[in-house]
Amino acid sequence: MRQPLEDREVTISRARFTVTYPSSFMLVASMNPSPGGYFNDPDAPVTSSPAEMQRYLSKISGPLLDRIDIHIEVTPVPFEKLSEDRKGESSVAIRKRVTEAREIQTHRFEGLENVHYNAQMNSKQIRQFCKLDEPSKSLLKNAMERLNLSARAYDRILKVARTIADLEKTEALNGNHIGEAIQYRSLDREGWLG
Numbered sequence: 001m002r003q004p005l006e007d008r009e010v011t012i013s014r015a016r017f018t019v020t021y022p023s024s025f026m027l028v029a030s031m032n033p034s035p036g037g038y039f040n041d042p043d044a045p046v047t048s049s050p051a052e053m054q055r056y057l058s059k060i061s062g063p064l065l066d067r068i069d070i071h072i073e074v075t076p077v078p079f080e081k082l083s084e085d086r087k088g089e090s091s092v093a094i095r096k097r098v099t100e101a102r103e104i105q106t107h108r109f110e111g112l113e114n115v116h117y118n119a120q121m122n123s124k125q126i127r128q129f130c131k132l133d134e135p136s137k138s139l140l141k142n143a144m145e146r147l148n149l150s151a152r153a154y155d156r157i158l159k160v161a162r163t164i165a166d167l168e169k170t171e172a173l174n175g176n177h178i179g180e181a182i183q184y185r186s187l188d189r190e191g192w193l194g
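Numbering-wise (my numbering), the sequence shown opens with residue 1 and increments by one.
What the hints contain is simulated information worked out from the structure, not anything from laboratory work. It cannot be assumed that every hint is accurate.
[Said to hold, decoys possible] Straight-line alpha carbon distances no greater than 27 Å define the calculated DSS-like cross-link-like pairs of lysine-lysine that follow:
hint : residue 1 : residue 2
1    : Lys169    : Lys137
2    : Lys137    : Lys124
3    : Lys131    : Lys141
4    : Lys169    : Lys87
5    : Lys87     : Lys131
6    : Lys137    : Lys96
7    : Lys141    : Lys96
8    : Lys124    : Lys59
9    : Lys141    : Lys169
10   : Lys59     : Lys87
Owing to the predicted nature of the structure, the values given are computational and were not obtained by experimental measurement.
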């Protein structure tokens, strides 16, 4: 799973033959936060010990988790909030913003082979297209050190921050983009279980 996520290709070796196929895909996955499924639910008792929860979460390898751009914790939403009559951003407006961001990326990567979107950037391209001002560098450095993030997580944060900026039609990355991207790495945090 790690090779297709990172290299966008899969290699199969059988007997004397090796074949490589393209494998560009978007991985969307979910899991319960604990064996019982109620970790961080204020209305349900936690039935798993910290050791059981750690063992459960360790089923996902660190190297695999490192290759996933966004992982967030979703907490239960009370019925009252679900039934509120709220006006959010319409699907039409969201589609328009996403389409415009994709056009920005298509233009940005014009002339580059096999790079059409921010997620496809390699490390060299990340350095070229994700330049940070000093406050943003400081914020990212602090997060890297405090959360003990890997070099791969660093690249993922920059790609996500670049996409957030594109959705806002902002050329320069800023601390808000970096901060939001860091928030989307919830499973990287040491002590996530408390």
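> Under the criterion that the straight-line Cα-Cα distance not exceed 27 Å, is the pair lysine 59, lysine 87 satisfied?
Replying inline: violated, 39 Å
> Does the alpha-carbon distance linking lysine 124 and lysine 59 stay inside the 27 Å limit?
Replying inline: violated, 32 Å
> Does lysine 169 pair with lysine 137 here, judged by a C-alpha cut-off of 27 Å?
Replying inline: holds, 21 Å
> lysine 137 and lysine 96: Cα distance at most 27 Å?
Replying inline: With a Cα-Cα distance of about 31 Å, the restraint between lysine 137 and lysine 96 is violated, given a limit of 27 Å.
> Would the pair lysine 137 and lysine 124 pass a check requiring their Cα atoms to be no farther apart than 27 Å?
Replying inline: Within the cut-off at roughly 17 Å; holds.
> Are the Cα atoms of lysine 141 and lysine 96 separated by 27 Å or less?
Replying inline: violated, 33 Å
>> Checking one constraint from the list: CA of lysine 169 to CA of lysine 87, max 27 Å. Satisfied?
In response: This hinted pair holds, its Cα atoms lying about 23 Å apart.
>> Would the hint linking lysine 87 and lysine 131 be met if the CA-CA limit is 27 Å?
In response: Roughly 36 Å between the alpha carbons, so the hint for lysine 87 and lysine 131 is violated.
> Quick one, are lysine 141 and lysine 169 close enough, alpha carbons at most 27 Å?
Replying inline: Distance of about 25 Å is within 27 Å: holds.
> Holds or violated: lysine 131 with lysine 141, Cα cutoff 27 Å?
Replying inline: holds, 14 Å
Taken one by one, the earlier hints fail for this structure at numbers 5, 6, 7, 8 and 10, listed in ascending order.
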